[in-house]
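J.: Chain residues, written in single-letter form:
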Amino acid sequence: MRIAVWLRSAGTKFLRRDALAEELEEELREHIALRANDLQGQGLSRAEAERQAKIEFGGVEKFRAQSHEALGGSWIELLLADIRYSQRVLRKSPGFVVAAVVTLAMAIGANAVVFSVMNAFVLRPLSVPDAKSLYELQHGNEASSYESWPNYIDLRDRNHTFDSVIAWNITSVGYDEGGNPTREWITEASGNYFDGLHLKPYLGRFFHESDEHGPNSAPYIVLSYDFWHAHFHDNRNVIGRVVQMDRHPFTVIGVAPPDFRGHYCFSIRISMYRS
Amino acid sequence: MGDQAQLLPGTLDLLILKAVSLGPLHGYGVLLRIAQISGQALLVEQGALYPALFRLVRQGLLQAEWGTSENNRRAKFYQLTAAGRKRLQDETEGWNRLTAAIGSALAARPEEV
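Residue numbers (the working numbering), protein chains in the order written: chain A, 42 to 316; chain B, 52 to 164.
Just chain B, with the same shape it has in the complex (with noise of 0.2 Å):
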């Protein structure tokens, strides 16, 4: 899978919850969704997304339901409720908040201190 960036601590649970936002999707297909909108550039342990898509279920973020795969078998896929999407976008807007003061704090220069 070569050149990609290992997650940050805390950003699988966001991620999850924006790749489940642009349609209802079975594990593997969060897995390639995630790869897909972060340019093939982060990578998913691939076991390590389940414990945590129970965990977002469990706190009432995701539902999932049994459908049948492009496999033809039965899968579990997940969407978001009400609570998910509110999360993301609080989630979303503390991230953005983050980034862009890390962004700030990393790009000075001497002359500005």
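For reference, chain A alone in the conformation it holds in the complex (with noise of 0.2 Å):
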């Protein structure tokens, strides 16, 4: 009852609005007038007289507020007429306001790579045994880490260097568990990516080089410990679920350690890992 009245003085004010707002300019108007007559009486020009009573007003803008407020005006109102008069007065000075937003923009921006560093080298180091021995390969001349999936063929067969050489790629799916498709992201692996990183799985097992036979052999997806833990509320028994991911089936095979959020530094969140 209370809410139906206020809704409907608010809506009348609302509506009221503009009438309100005339007779207060009506009203100051007249103020002002009868001001300049007494100036002019005192031996003004009209000219003269009527800007030194509109100085003696004072700060228009700020009494007109004031009003709107005593005439109970809405906070609505008075927040919009805030608002434009904000960029009123920043459109005046566009210099403070280029000033303002490269200010904030490099601040922010320097925030964001400060904690970003602070998360990946600090608070969430790289947690794979022997961090130190990992390494991305890259063409020399190229800015990019990608290879083709032969080329990495190739150089996982003939490799001497290194202990093994993992191939993975970040993409999003459509996850469903059963009616309820939803997008996540993922690590594409090879079948050593596990065994490269020295992982032991949580639960269940993780896929290896022998899960593979060509394309489609190994339809098995690995949860990071944090999916698992949301989705499957710490089911035990998520092993061996299939899961449709692009609408072809896999099985969950095990779960990631928890501390464990993909291999690379400065990581999204990664839901699952597919072989």
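Certain hints may be false.
Said to hold, decoys possible - Quick list of in silico lysine-lysine cross-link-like pairs, BS3-like style, CA-CA up to 30 Å:
#, chain 1, residue 1, chain 2, residue 2
1, A, Lys-95, B, Lys-69
2, A, Lys-173, A, Lys-133
3, B, Lys-69, B, Lys-137
4, A, Lys-95, A, Lys-133
5, A, Lys-103, A, Lys-173
6, A, Lys-241, B, Lys-69
Hints are computed from structural coordinates only; laboratory data are not their basis. Given the structure is predicted, the values throughout are model-derived calculations rather than measurements.
Can you join these two chains into the complex? Each is in its own frame, and there are hints to help.
T.: Right under this line is the structure:
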């Protein structure tokens, strides 16, 4: 009941807003005109008297806002008026706006960089054994380290320098465990991914190089600990369950260790590892 | 406007009620009346008058009616309501008590303490 009354009064106020504002303007205009008359009577020219009257009146915008408030204007109107006022003021000093925006942007950017580095190296260091001996391969003259699969096979099979060579790709898939598909980020990985990183599963098992027998031969996924925790509520019977990724069936074979969030330093949240 | 005193906070409402109690006035008239009855001694910031007037109207102490100014244009005239008259009386008594108390405090001499 009380809400209905309030709504009606707010509604009326809103409709009457223009009328009220117009009355206020009229009243202030009349005040300044009368004051100008008196000043003119004291010997000023009409133009000078009007100028003087406006100066004496003071900050019209400030008193207009206060008057509106005193008249019971709603806070939305006042907020809109404030926004319009700030836009006007800001437009008058573009140099200040540019300086402020650039300052904010640089400060936020610098903070983000510092946080990312802190997060990657201090808060969440690469949680694989012997992280120092992990290297990323890259052609000398290319900024990217993408390789075709056959290239990778060659690199892996002819490798005499490293313990092992793993391949991975971060991508997103349509993930469906029954009726409610969602988009999830996953790491697609070669069969030797976990063995190459010297990781042991938290639950179940990982896929291995020996599981690979050509394309689509190993439709297995390993869940990240966080994903398992959030989606399966730490249910240990998840092993062996079949889920759909981009409408292809994959078998959940294991869960990665809790502190493993992908081998990549600046890692986005990776939900699953797919062979 | 010369050698005038700034208003104490909270006294503007009282002065407006007093000015209007002497007869209906429009905004500028309130300003002139306050200057007149204070012997040109009190300075009211012109713009600040209106928020105060509207607040008093909202509190039901004043009522506003459109009339014609000496400029022969539409102007809003303010007059006291019954509640406004009562408030003026209460505040006048309160003010007199306050000034009497402060006056006697400031007049105190060492031998009286």
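J.: Compare the structure with each hint and give your call.
T.: Hint check results:
1. Simply put, Lys-95(A) and Lys-69(B) have alpha-carbon atoms about 26 Å apart, close enough for the 30 Å limit, and the pair holds.
2. For the suggested pair Lys-173(A) and Lys-133(A), the alpha carbons sit about 56 Å apart, so the restraint of at most 30 Å is broken.
3. Among the hinted pairs, Lys-69(B) with Lys-137(B) is consistent with the structure: their alpha-carbon atoms are about 11 Å apart, no more than 30 Å.
4. Simply put, Lys-95(A) and Lys-133(A) have alpha-carbon atoms about 22 Å apart, close enough for the 30 Å limit, and the pair holds.
5. For the proposed pair Lys-103(A) and Lys-173(A), the alpha carbon gap of about 64 Å is over 30 Å, so the pair is violated.
6. Restraint check: the Cα-Cα separation between Lys-241(A) and Lys-69(B) comes to about 88 Å, which exceeds 30 Å; the hinted pair is violated.
In this structure, the earlier hints numbered 2, 5 and 6 are contradicted, and the remaining ones agree with it.
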